[in-house]
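Visitor: Here's the letter readout for the chains.
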Amino acid sequence: MSNSVFSELIGLSAGALLLTSVLTVWHRSQRASIRALAVQGFALAALVAVVAVDRKDVELVPVFLLVLALKGLVLPWVLARRPGVVGTERVRIDIEDESPLLNPVATLVAAALLGMVAYAVTWPLVASSPSAAAHAAPVGVAMVLIGFLVLVTRRRAISQLVGFLALDNGIATVAFLISGGVPILLEFGASLDVLLVTLILQVFSRQMRATFGDTDVGRMRELRD
Amino acid sequence: MFIILLVPVAVPLLLGAVALVRAASWVRRFSGVVSSVAILGSGIVAVVLGQGSAPLSSAGILRADALSAYMLAVVGAVGLVATWGGLAPRADAPVHTEAGRAPLGMYAALVCIFLSAMSLAVLADNLGVMWVAIEATTIATAFLVGHNRTRRSLEAAWKYVILAPAGVAIAFLGIVLIYASSTGTPTPTLSWLALTQMSLHLDPALVRVGAALAALGFATKAGLAPMHSWLPDAHSQAPAPVSALMSGVLLSVALYAILRIQAVANAVIGPDFLRALLVAGSLLSLAIAAALLLRQRDYKRMLAYSSIEHMGVMALGAAVGPTALPAVLLYILSHGLIKASLFILAGRLLTAEGTPIISDVRSLLARRPGLAVPWLIGIVALLGFPPFGIFFSEVGIILAGWATGMGVVMSVALALMLVIFAGMTRLTVGMMFGSADLPAPRVDSVLDRSPHGPIAPLALALGACAIIPFLSGPIGTVLSDAAVALSWTP
Chain X
1 MSNSVFSELI GLSAGALLLT SVLTVWHRSQ RASIRALAVQ GFALAALVAV
51 VAVDRKDVEL VPVFLLVLAL KGLVLPWVLA RRPGVVGTER VRIDIEDESP
101 LLNPVATLVA AALLGMVAYA VTWPLVASSP SAAAHAAPVG VAMVLIGFLV
151 LVTRRRAISQ LVGFLALDNG IATVAFLISG GVPILLEFGA SLDVLLVTLI
201 LQVFSRQMRA TFGDTDVGRM RELRD
Chain Y
1 MFIILLVPVA VPLLLGAVAL VRAASWVRRF SGVVSSVAIL GSGIVAVVLG
51 QGSAPLSSAG ILRADALSAY MLAVVGAVGL VATWGGLAPR ADAPVHTEAG
101 RAPLGMYAAL VCIFLSAMSL AVLADNLGVM WVAIEATTIA TAFLVGHNRT
151 RRSLEAAWKY VILAPAGVAI AFLGIVLIYA SSTGTPTPTL SWLALTQMSL
201 HLDPALVRVG AALAALGFAT KAGLAPMHSW LPDAHSQAPA PVSALMSGVL
251 LSVALYAILR IQAVANAVIG PDFLRALLVA GSLLSLAIAA ALLLRQRDYK
301 RMLAYSSIEH MGVMALGAAV GPTALPAVLL YILSHGLIKA SLFILAGRLL
351 TAEGTPIISD VRSLLARRPG LAVPWLIGIV ALLGFPPFGI FFSEVGIILA
401 GWATGMGVVM SVALALMLVI FAGMTRLTVG MMFGSADLPA PRVDSVLDRS
451 PHGPIAPLAL ALGACAIIPF LSGPIGTVLS DAAVALSWTP
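Protein sequences appear in the order of chains X and Y.
As numbered in UniProt numbering, residues 1 to 225 make up the first sequence, in order.
As numbered in UniProt numbering, residues 1 to 490 make up the second sequence, in order.
Don't take every hint at face value.
[Stated by the list, open to error] In silico lysine to any residue, SDA-like type, Cα no more than 20 Å apart, as pairs:
(1) X:Lys56 <-> X:Pro183
(2) X:Lys56 <-> Y:Pro188
(3) X:Lys56 <-> Y:Thr187
Everything labelled a hint here was simulated from the structure, so no lab data went into it.
Quick caveat, the model's predicted, so the values are computed rather than measured.
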């Protein structure tokens with residue numbers, strides 16, 4: 001692949017990743033956030049494909065399939081799934097839309113600031129690298145920070161989970177951009193861990209709905225000192 | 001010799017699988033104990049075999065040098081105290097008595113997976129495998145923390161499963177950067193053995209950021225401030241044997257991960273950078289533990305904050321460097337045994353008294369000597385009185401710190417430790433003595449001498465803590481061998 005095409009494709013997928021990351025912050029609707037997360041999973045898979053072609057690395061082919069299946073399809077499906085959905089359940093999901101601690105404008109400003117912070121701290125690390133992929137690494141760090149922002153400013157269980165997964169996608173982005181991914185054994189282990197954590201949190205959020213009536217994490221404040 | 005490395009990982013998994021599918025109640029009841037014995041046995045064999053010979057290793061994934069072998073023995077020992085002490089008094093009673101509507105087979109299986117994951121974490125010769133194993137401990141313990149299915153345990157479990165994986169994800173980012181630092185070399189690797197070799201010429205800038213993030217991430221699991229906020233909730237709401245395992249040994253396994261990361265960082269960028277981070281985390285942990293122990297109301301939370309304090313002192317020892325490491329390792333063992341015993345006792349106390357509130361349990365020594373006497377001995381050991389191991393470890397760390405020129409840090413730490421000492425003494429005195437006439441105690445004024453469960457594991461644990469520091473011959477060699485495994489002198 002010629003160098004300029006490669007740079008353009010890297011830039012394109014990194015841009016898609018950052019954009020979807022911002023969308024998860026911006027959307028109040030849980031379903032829209034989950035959709036943004038799914039698109040992000042596809043963008044990540046595209047990034048893996050570009051890196052794989054550039055490095056002519058056959059080992060990245062199963063990784064590409066894994067990312068596509070897990071982050072693009074399985075995880076968003078797990079998040080969107082409501083156990084025992086009946087007709088009225090849909091209404092309840094819409095009621096459960098987010099009332100975050102920050103309003104959308106403040107959140108977008110915060111996301112922009114985090115992007116600049118990510119660029120400022122990461123650029124010195126990758127500036128000397130000759131690879132165009134490494135130069136895009138600040139995008140991954142920005143995604144990690146934005147994931148944290150979602151995690152701390154959201155009150156619904158599922159929205160916090162979206163933040164966690166966006167954070168995880170950010171780490172994967174950094175890994176693929178900066179070193180062409182991690183050893184494949186670790187990649188599988190990490191993916192399995194993320195899947196299990198997501199399933200566990202999904203079970204807990206169901207228990208939370210059964211116990212507290214809804215999934216507003218802010219209601220849980222019995223454990224204090 | 002591979003079998004020694006395989007047993008502690010495979011046997012608990014196997015037992016867990018059996019406990020999950022087979023209905024036989026004795027399998028479920030004893031699977032944790034047998035797993036712990038297997039881990040302790042292989043740990044001791046590895047320690048003995050490892051002395052004076054090359055480290056055991058297998059397939060480039062598992063490897064036991066002196067430090068791994070020692071940590072494996074600690075996992076086994078604390079696991080044994082927790083699982084044996086956690087057995088219910090009667091054979092027909094459930095595995096633990098605090099509640100438990102969740103299926104008991106699942107409980108037994110998760111405890112076994114938890115033990116196996118901790119063994120894998122200390123045996124992995126690969127930062128990536130170690131990371132996966134540590135993340136697996138979170139997954140195994142998630143449902144164990146939420147096992148009682150109360151509002152409070154659900155809240156604790158949610159906080160735990162959101163915060164711990166987020167923290168450990170940061171550690172993953174750090175490990176990715178460390179890996180990236182090795183991609184410039186001919187053999188990209190995550191083996192910490194290879195990474196600590198000076199000849200590899202890793203990129204120092206990447207290693208610096210990577211090590212900082214990895215240490216920060218694992219510090220979340222180790223309960224160091226400011227990433228500690230999940231710890232008091234999770235440790236106070238989990239069933240007693242699980243609290244004992246999490247507080248007694250899981251925190252130390254996370255500290256072990258920090259020690260390994262530190263060894264890599266020291267080999268590339270020298271000790272000063274991580275030392276500053278560890279000192280900051282350690283003093284902050286001590287300060288937070290001191291502030292919250294002074295007015296603590298719940299005795300299980302009291303033990304949890306005490307764990308934050310002790311992890312802080314251990315991190316301080318790690319910051320000091322090689323001269324303090326034998327003391328840190330003795331600390332890991334002593335704290336594990338004592339804290340596991342105390343959490344087991346706290347669980348029995350909670351079952352007997354029905355309340356976790358300190359001011360509601362008074363004059364225990366007069367009313368329930370069977371529980372109060374071991375509790376008192378455990379707290380005395382925890383507060384750092386001789387002849388228990390924590391005393392010698394704390395003295396060792398502080399002296400080593402002074403000798404390294406960290407006098408100011410050590411003085412601040414010592415002052416905070418004194419505050420904690422005073423706070424915990426006051427709370428314990430309130431529980432043990434206090435006036436029995438206060439409205440709190442209920443009508444059961446019959447003298448209760450029963451220890452409410454097996455007393456042998458607790459006696460063994462506390463006895464071992466008192467004796468081990470004096471076995472300077474064999475134990476001293478084991479500890480210094482283990483410390484050498486981390487040394488960064490080429």
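Visitor: Name the hints, by number, that the structure is in violation of.
Guide: Failing hints: none at all.
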